[in-house]
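Engineer: Sequences listed follow chains B and S, in order.
The opening position of the first sequence corresponds to residue 0 in numbering that gives the first Met the number 0, with each subsequent residue numbered one higher.
The opening position of the second sequence corresponds to residue 0 in numbering that gives the first Met the number 0, with each subsequent residue numbered one higher.
Because the hints were derived from the structure by calculation, they are not lab data.
Incorrect hints may appear among the rest.
Unchecked claim - A partial selection of chain B residues facing chain S, derived with a Cβ cut-off under 10 Å:
hint: 1; residue: ASP63
hint: 2; residue: VAL65
hint: 3; residue: TYR71
hint: 4; residue: TYR72
hint: 5; residue: GLN80
hint: 6; residue: PHE141
hint: 7; residue: ILE144
hint: 8; residue: PRO147
hint: 9; residue: LEU173
hint: 10; residue: MET180
hint: 11; residue: LEU198
hint: 12; residue: PHE222
From the three backbone atoms N, C-alpha and C, an ideal C-beta is built for every residue, glycine too.
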Amino acid sequence: MTGVVAEFATTILAAGATTLLLGLASLLLATVLGLAAAFAKLSRSRALRHTAALYTFIVRGIPDLVVMLLVYYSVPALLNQAIDALGWDMRIEFSPIAAGIAALGLIFGAYMTETFKTALQNIPKGQIEAAVAYGLTRRRMFTRIILPHLVRLALPGFTNNWLVLAKATALVSLIGLQDVMFRAKGAAEATGMPFTFYLIAAGFYLSVTILSLAALTLIARRFEMGLRELAP
Amino acid sequence: MNWGIIAENLGLYVQGAKLTLLLAFASLAISFCLAVPLAFLRNSRIAALRYAVLGYTLVFRGTPLLVQLFLIYFGLAQFELVRESVIWPWLSSPLVCVLIAFVLNSTAYSTEIFAGGLRHIPIGEIEAARAFGMSAFAQARRILIPAMLTRSLPLYGNEMIMMLHATSLASTVTLLETTGVARMITLNYYIQFEPYVTAAAIYLAMTFVLVSAFQLVQWRWAGYLENRIG
């Protein structure tokens, strides 16, 4: 009995690698999308501003699960209709992991946009004026001045988004990715002990949350080194 | 394109949207009533109470809602004690399980939001209440709870939208709310584009209405917090 539980528990936790890979890849895509959309929202071009606003409005107005179903089922269906209309002989189908990364990246990119936009707006103006006065090139100004401030100011929101994202990866099991949740479901159905195995999955997500909180507190401390604080 | 199928099944979507709204608002109403007292316990002077509430919010905010829902809907059947108890007819109903999961989850988030609001009330307001000789109950009713709620409004608005969107998970345990209806139509008619796009449009409209309503509420009840210098 305990042997069976241990065996299934190992296969569930082994899928943790898939969950983490999915989470980190989505986080990367979300960060890139979020940065691009944040700069677009603050850009002088009206078209860019409106495109970014439309993107965040639509994505944040639809449940994560529905975005995932749209990316996994509806987008290929639409593309295949177009291909049929053109008379080509091919079919498009996404793998669950690709659809999962695309969907989660798209969703959390919208949340990251707001985080980065607020952070960019909160960079002290004098810092940028000083950089201009020193004659820094645009690229140098970005890497040496804007980016360090951005990291510090965006970190709390970024942490929050990652915590929500890590939990949202569980949804990808519903489109068939063999992650922690998918394996837990399999074990639950095979053994008739659903509570035990869903509890193991819950324990996995909880430890990811707690470890991420600890790690990001350390990183935050590193980036706040240059900040003066009032004596308590 | 097969928009004709969607038009034929519009009645189903109306039913689904009704269930979505029912689930969201029932869960929010119940969890609101639980979260207000829990927020006070979260800031209690007794460490044991504080940590007990923190433990609860940490577990329910640290695990996916999907796992919580499956633990309650599929998991509880594992125990004979539960299966033979008088509440089993309730616990085997997907609607009841979904509501329990949503309430437990939303209460955890709301408790933390309200507890944060409570911590940020200026000390002067509480001192003034004491100086007026208000009892602890009068203080809570007239000063602390209103100040806590207005300060929590922006975050609580986000939580309401999260809850509205979270109801889509009810489709995974056979309930036919908006997402469930969309899934059923894709399976019945073998079309994968139109049903989900329709569901997305319904959620988008609901979110838009909720956000607009909330901005109005915020302007009316929390307006005094804005435009302050420093």
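Engineer: If a hint holds in the structure, say so; if it doesn't, say that too.
Structural biologist: Status of the hints after comparison with the structure:
no.: 1; hint: ASP63; in the structure: holds, 7 Å
no.: 2; hint: VAL65; in the structure: holds, 5 Å
no.: 3; hint: TYR71; in the structure: holds, 9 Å
no.: 4; hint: TYR72; in the structure: holds, 4 Å
no.: 5; hint: GLN80; in the structure: holds, 7 Å
no.: 6; hint: PHE141; in the structure: violated, 30 Å
no.: 7; hint: ILE144; in the structure: violated, 27 Å
no.: 8; hint: PRO147; in the structure: violated, 27 Å
no.: 9; hint: LEU173; in the structure: holds, 6 Å
no.: 10; hint: MET180; in the structure: holds, 7 Å
no.: 11; hint: LEU198; in the structure: holds, 7 Å
no.: 12; hint: PHE222; in the structure: violated, 23 Å
The structure fails to meet hints 6, 7, 8 and 12 from the earlier list, while all remaining hints are met.
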